[in-house]
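Visitor: So the sequence lines, in the order shown, correspond to chains H, V and C.
Using the working numbering, you'd call the opening residue of the first sequence number 238 and step up by one each time.
Using the working numbering, you'd call the opening residue of the second sequence number 238 and step up by one each time.
Using the working numbering, you'd call the opening residue of the third sequence number 238 and step up by one each time.
Since the hints were derived computationally from the structure, they do not count as laboratory data.
It is possible that some hints are incorrect.
The list makes no distinction among identical chains, and a pair is therefore deemed to hold if it is satisfied within one copy or across any two copies.
[Said to hold, decoys possible] Cut-off 35 Å, straight-line C-alpha distance, at most; resulting in silico cross-link-like pairs (DSBU-like, lysine-lysine):
(1) K564 x K324
(2) K379 x K409
(3) K515 x K379
(4) K379 x K324
(5) K324 x K409
(6) K515 x K564
(7) K515 x K324
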Amino acid sequence: MNAAKADRIPEDEASLQLNDHGELRHLLTLEGLDMPLLVDLLDDAEGFLTPEDNLPARSDALAGRTVANLFFEPSTRTRASFDLAAKRLGADVLNLDVNTSSRKKGESILDTIYTLEAMRCDIMVVRDASVGVPAYIARHVKDHVSILNAGESDVSHPTQGLLDLLTIRRHKGSFADLTVAIVGDIRHSRVARSAAFGLQTLGVGALRLISPAAMAPDADDMPFANIIDNLDDGLADADVIMALRIQRERIPNLDGIPGPDEYFASYGVSRNRMRLAKPDAIVMHPGPMNRGVEIEGALADSAQSVITEQVANGVAVRMAVLERVAKSLERR
Amino acid sequence: MNAAKADRIPEDEASLQLNDHGELRHLLTLEGLDMPLLVDLLDDAEGFLTPEDNLPARSDALAGRTVANLFFEPSTRTRASFDLAAKRLGADVLNLDVNTSSRKKGESILDTIYTLEAMRCDIMVVRDASVGVPAYIARHVKDHVSILNAGESDVSHPTQGLLDLLTIRRHKGSFADLTVAIVGDIRHSRVARSAAFGLQTLGVGALRLISPAAMAPDADDMPFANIIDNLDDGLADADVIMALRIQRERIPNLDGIPGPDEYFASYGVSRNRMRLAKPDAIVMHPGPMNRGVEIEGALADSAQSVITEQVANGVAVRMAVLERVAKSLERR
Amino acid sequence: MNAAKADRIPEDEASLQLNDHGELRHLLTLEGLDMPLLVDLLDDAEGFLTPEDNLPARSDALAGRTVANLFFEPSTRTRASFDLAAKRLGADVLNLDVNTSSRKKGESILDTIYTLEAMRCDIMVVRDASVGVPAYIARHVKDHVSILNAGESDVSHPTQGLLDLLTIRRHKGSFADLTVAIVGDIRHSRVARSAAFGLQTLGVGALRLISPAAMAPDADDMPFANIIDNLDDGLADADVIMALRIQRERIPNLDGIPGPDEYFASYGVSRNRMRLAKPDAIVMHPGPMNRGVEIEGALADSAQSVITEQVANGVAVRMAVLERVAKSLERR
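With the hints as constraints, model all of the structure from the sequences given.
Guide: Pasting the structure below:
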């Protein structure tokens, strides 16, 4: 898996994401996207947030367009978030459960894409367990099609990264003085990687990646971050703490992986341990949570938790991305 | 299961259903809802019925709102009925197949709900195999969210109860002089219970619950009904006969349960046996039917059968409920 | 299977498809539909084609109507194509995954249909593995309901046939001088049969059905076609070549069926072999493709290939059929 990570050419993916006018056309990874573009996306997303007892924001920016959700891995929350974001922008949405149909008949992924393209699915939201699939698809689609990465193996989940950035910005303002601590299975987490690259671009003060050795990233994967194996050290004076689920489905050999209780004792983020962080620190989690494993349930429900805000921000961020790539397709 | 039934506190659930203005906000059970409210809902539903060769009724009462169908048990007809009811009121609809996604990752049901709430799913339609889940959820959601019970273990299926009431009222007018006979697996049927409590509230003349001993309800569960084990006795001079499917999936030990032929011989509702009922008696079934087991196929297709009317009334009743809870959310 | 084919009464199905005004009400099979009607459908479909970088065509011809996709066999492309066609005409769409719900509870197919009919699904798109199911359903629905066959065992797939006709017409103009060669598992292919009957009605010059003996049709099934077992002979001077997938799921005994390499050597359509056909011959495939088995990948991606055009034409043809049957329901 890390071999595959190393095989990627992020510069190439980054340039693939912009059209000839420098506008975002595909969203494959946050790596290589510059600060002004990220800030623009966060600003756009803010515009889609409304008070929680109002009706959600709507527009007709995608009227007449078709968004296809093409999930080769199961998903509830990300699929639902893209589905609602697209519908609230007026798009038609096609949800494909790809595990149970054409793939059984032996069709290649590109032929599935060409089929959707011919049906005029202008925007395809793709989740896949293999590294490089969204970029591979983006290299092959026609000019009127945009590819959005909704989760790519253990390497990239850019809309999750954006919603994490938006959540932090809304609570903390600027990034320059912040210490952000990501705790858990960093090695197998696309969430951690996308947040990390986005934070780096926005000039985060310090980024700490905290995990047992078996879940630590390769030293050269995110060289701008501090790799730490002691949770107490990692939490000290942090402003933002993000807890991660152990990605058991992506770990080839689970022998060295601690059980839930053992893990919680060493790496569980709890109210007690949060005393080491800044008093106004916020706690994040991408979901789904395993309460009592990577995060104490009472902390997840506490005033420090911004976990449901992350979900709300996720819809707003996806609306912002959808609107922006749709505009780039028009400008083409 | 009956232990669990006994553990419920219906008074508490009933009061939970109304907002501070006395309006219906959640629909969890028909127990405790008063006659004027039930009559209002049936009247509203009548307004959504159109001649069957016209286009179905539509409105924009739910425009801008999102309805989430959250089915933890498989369903075709109830899910489809809520889906169409919501779409015909202008809502966005999110259908979640919960068996195959987040639950595998160990997420708690409340965290799934909090996620949907953050995505601005204002109305959640919930089906679950465990007693108390809809009320449990209703106690935890925010003020801008409404919970509709679409089937709760063996205890409650309130929109089914309402559609049964509407079907009876359209054929028989008032309830005071009616004898209603429900036949079959009463013990494991949420359909029977919801119809029974609704009929009791509307002042039904007599309610008979007819089944073999192994499928009879506890004597104190519906004390207003007559428990009868002989089908001929139960059908005598009845105005309304409702046949029920054996809920094999909810019966822990199937040893004492008769096979199809044996069951039909003793408890199958047939044209022949219908001669014991009033000449203008109607025959109902909540579907899906097992023809030749609990009901004779030719009877289901006869002029006495109102089974497809029940389905049509189901969409109308769900539109009425959706419209009403949406209004209560606005009034909040 | 061929016994079942022989049991059908196509004349009867053909007459069932038209209402009293001679308008298309159900689409069950292309057999028996006359040339003017097929030409009208192709003309209508042309009107729904737009340049591929424009937004897709839309109308409100189905506003207020509900289309139910009732697929008893899994499908991605045909289901998606009908879904998008219906949505782009303004319909509400209900997608039912019938394998996982009511059928488990023992409901008959007609009771499922009656349920959807009562919910006001005016147009039902049905795919089923058994011969005769669409016609059987069409004989039982009410006057306000239309049935569209989306794939029926190995006998009929009429919208696929129409999209094949449209694709050929757009490239070749008239049919009278054309030689069309269909290559592969003719015996088990509903695609081949529907294309063959449609081509025959439109007066195709010559139709060749090319396959190994085990996959050849019965001699009397399509008596107007030439059955050929040598691929080179079949391709000679052909204008149109359609390659087919081996329908392994429909072949009772796979013992005599060649492996992929052996099959490709004898019956794979390749660039090399295409030299036997006319220089401007086009290559078609209904998808999903098995590259390197029935078709060479490089040929599928070549300028001669019209495979993705078939997909685009599929949406247009389905829009044309939906619009036309909806009009017939109004006229009733």
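Visitor: How do K515 and K564 come out at 35 Å by Cα distance, when the copy is not named: within, between, both, or neither?
Guide: Cα proximity of K515 and K564: none, with 41 Å in one copy and 44 Å across.
Visitor: As a check of your reading, is K564 near K324 (CA-CA no more than 35 Å) within one copy, between copies, both or neither?
Guide: both (17 Å within a copy, 23 Å between copies)
Visitor: When no copy is specified for K515 and K379, does a C-alpha distance of 35 Å or less occur within a copy, between copies, both, or neither?
Guide: between (49 Å within a copy, 29 Å between copies)
Visitor: How would you label the pair K324, K409 (within, between, both, or neither) given a Cα cut-off of 35 Å?
Guide: Classified as within: same-chain Cα gap 31 Å, cross-chain 40 Å, threshold 35 Å.
Visitor: From the Cα coordinates, with 35 Å as the cut-off, is the pair K379 and K409 best called within, between, both, or neither?
Guide: between (41 Å within a copy, 25 Å between copies)
Visitor: Evaluate K515 and K324 at a C-alpha cut-off of 35 Å and name the case that applies: within, between, both or neither.
Guide: Neither, since 40 Å and 47 Å both go past 35 Å.
Visitor: Which holds for K379 with K324 at a C-alpha limit of 35 Å: within a copy, between copies, both or neither?
Guide: Both: 23 Å inside a copy, 23 Å across copies.
Checked against the numbered hints given earlier, this structure breaks hints 6, 7; the rest are met.
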